[in-house]
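Mapped onto the numbering used here, the consecutive letters of the sequence shown carry residue numbers 1 to 328.
Heads up, a few of these hints could be off.
As the list claims (entries may be wrong) - So the derived label-pair ranges between C-beta atoms look like this:
| id | residue 1 | residue 2 | range |
| --- | --- | --- | --- |
| 1 | K127 | E320 | 45 to 55 Å |
| 2 | Y211 | A89 | 31 to 41 Å |
| 3 | E231 | S51 | 21 to 31 Å |
| 4 | R175 | L115 | 18 to 28 Å |
| 5 | Q11 | R316 | 43 to 53 Å |
| 6 | L3 | F144 | 32 to 42 Å |
| 7 | L163 | R316 | 48 to 58 Å |
| 8 | E94 | D255 | 41 to 51 Å |
| 9 | R198 | F138 | 31 to 41 Å |
| 10 | S203 | E320 | 49 to 59 Å |
| 11 | Q307 | E162 | 30 to 40 Å |
| 12 | A20 | G161 | 19 to 29 Å |
| 13 | L3 | L163 | 43 to 53 Å |
Hints in this document: simulated from the structure, not taken from any laboratory. Where a beta carbon is used, it is the ideal one built from N, C-alpha and C, also for glycine.
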Amino acid sequence: GWLAERQLWPQIETLAAKFATDFARSAPLTYRRAEALARQGDKAGAERFASEAFELSPDSAKHLEMGMELRDRGLVEWAEREFRKVLAASQLGETEDLMARHRLAEMFYDHDRPLEAAKIWRELCDKLDGDEQVRERFGDRRQFFRSRMHFFYAKQHLAAGELAQAREQLDQGIRHDAHDADVLIAMHRLPDADAAFRQRTKSLIAECSAYFLALVQRWEAILPNLEGTEEAVENLANSCNQYAWLVGNTGGDLDNAVRMSRRSVELMPKSASYLDTLAHCYFAQGDFENAVKHQALAVKREPHTKQLERQLAVFRKALEEQRKERQP
Numbered sequence: 001g002w003l004a005e006r007q008l009w010p011q012i013e014t015l016a017a018k019f020a021t022d023f024a025r026s027a028p029l030t031y032r033r034a035e036a037l038a039r040q041g042d043k044a045g046a047e048r049f050a051s052e053a054f055e056l057s058p059d060s061a062k063h064l065e066m067g068m069e070l071r072d073r074g075l076v077e078w079a080e081r082e083f084r085k086v087l088a089a090s091q092l093g094e095t096e097d098l099m100a101r102h103r104l105a106e107m108f109y110d111h112d113r114p115l116e117a118a119k120i121w122r123e124l125c126d127k128l129d130g131d132e133q134v135r136e137r138f139g140d141r142r143q144f145f146r147s148r149m150h151f152f153y154a155k156q157h158l159a160a161g162e163l164a165q166a167r168e169q170l171d172q173g174i175r176h177d178a179h180d181a182d183v184l185i186a187m188h189r190l191p192d193a194d195a196a197f198r199q200r201t202k203s204l205i206a207e208c209s210a211y212f213l214a215l216v217q218r219w220e221a222i223l224p225n226l227e228g229t230e231e232a233v234e235n236l237a238n239s240c241n242q243y244a245w246l247v248g249n250t251g252g253d254l255d256n257a258v259r260m261s262r263r264s265v266e267l268m269p270k271s272a273s274y275l276d277t278l279a280h281c282y283f284a285q286g287d288f289e290n291a292v293k294h295q296a297l298a299v300k301r302e303p304h305t306k307q308l309e310r311q312l313a314v315f316r317k318a319l320e321e322q323r324k325e326r327q328p
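All chains should be built: construct the whole structure from the sequences, respecting the hints.
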């Protein structure tokens, strides 16, 4: 791992040759060897070792763990194979199935494959439609599955210029989960929306913002009594981030959005997504320098997340244009 961080790929091959037995029985080490070959342009050799590594994981838990690690290193095709192995080996709706399903769908979306992301959730939603016991087991969580599915379908329609279909999907998404910030942001940005739709969206955003702010206040109040437990800290940070993400991307009290976002980063400084939110909030304020600064930090934390890279390019372009306009 130390060698890979420094892109010393030939040295990994040297280690693999010296400790051939250890590499041959370890999925993580064999994947490292495959990655080293891939980074040096040896696609055939890389795929051979990746296939060997895939066969070494003993169970779904290890395949899930390996898929997440490969995803974080930008090795999308190998990560997809690991996640799909978990889906094939797990019962639909089990913990490992849901974890793999969520990560695979988000990975697809990050790589501009929203239709594939939607289909990942469609499998589970179809099961929910036909099995009352499954519906009861998931409870309110099933609303998230459906909302996320409709959001991905909407993004696919938007990419194709199919605005009516996108609006229909967003309407369905927000009916399932009134607190899905991504759906509300997409509704806010929907082109050519009529006045009634925009007013309804504005009201829904206001209601959702108040809901997130109430969660922040609740967790801030009880956090001292919980002695800073990890779960409480995560819940507070997430509530702050949700409020900031929604307001920062739709308008409203941007000063408060920045404060809430900074609070989430303070609580969980290693989170690239929270830094991304803070960058968006600064951008909404017109503070492009801070937007670039914090987005660059987010990219540094997760260098293989495409959405972060794309947004950094947008912020940098805006900053460059702003500087040109300010030149005498």
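Right, here's what the structure says about each hint:
The hint said 45 to 55 Å for the Cβ distance between K127 and E320, and at roughly 49 Å that hint holds. Taking 31 to 41 Å as the suggested C-beta distance range, the pair Y211 and A89 conforms, at roughly 38 Å. Between E231 and S51 the Cβ separation comes to about 39 Å, which falls outside the hinted range of 21 to 31 Å. R175 and L115 have their C-beta atoms about 21 Å apart, which keeps the hinted 18 to 28 Å range intact.
The hinted range of 43 to 53 Å is not satisfied by Q11 and R316, whose Cβ atoms lie roughly 34 Å apart. For the pair L3 and F144, the beta carbons lie near 40 Å from each other, so the given range of 32 to 42 Å is met. At roughly 29 Å, the beta carbons of L163 and R316 sit outside the given window of 48 to 58 Å. For the pair E94 and D255, the beta carbons lie near 44 Å from each other, so the given range of 41 to 51 Å is met.
Range check, R198 to F138: about 33 Å between beta-carbon atoms, so the 31 to 41 Å window is met. At about 37 Å, the beta-carbon gap between S203 and E320 misses the expected band of 49 to 59 Å. Distance hint check: the CB atoms of Q307 and E162 are about 22 Å apart, inconsistent with the given range 30 to 40 Å. The given range of 19 to 29 Å is broken by A20 and G161, whose C-beta atoms sit roughly 54 Å from each other.
At about 49 Å, the CB distance of L3 to L163 agrees with the hint of 43 to 53 Å.
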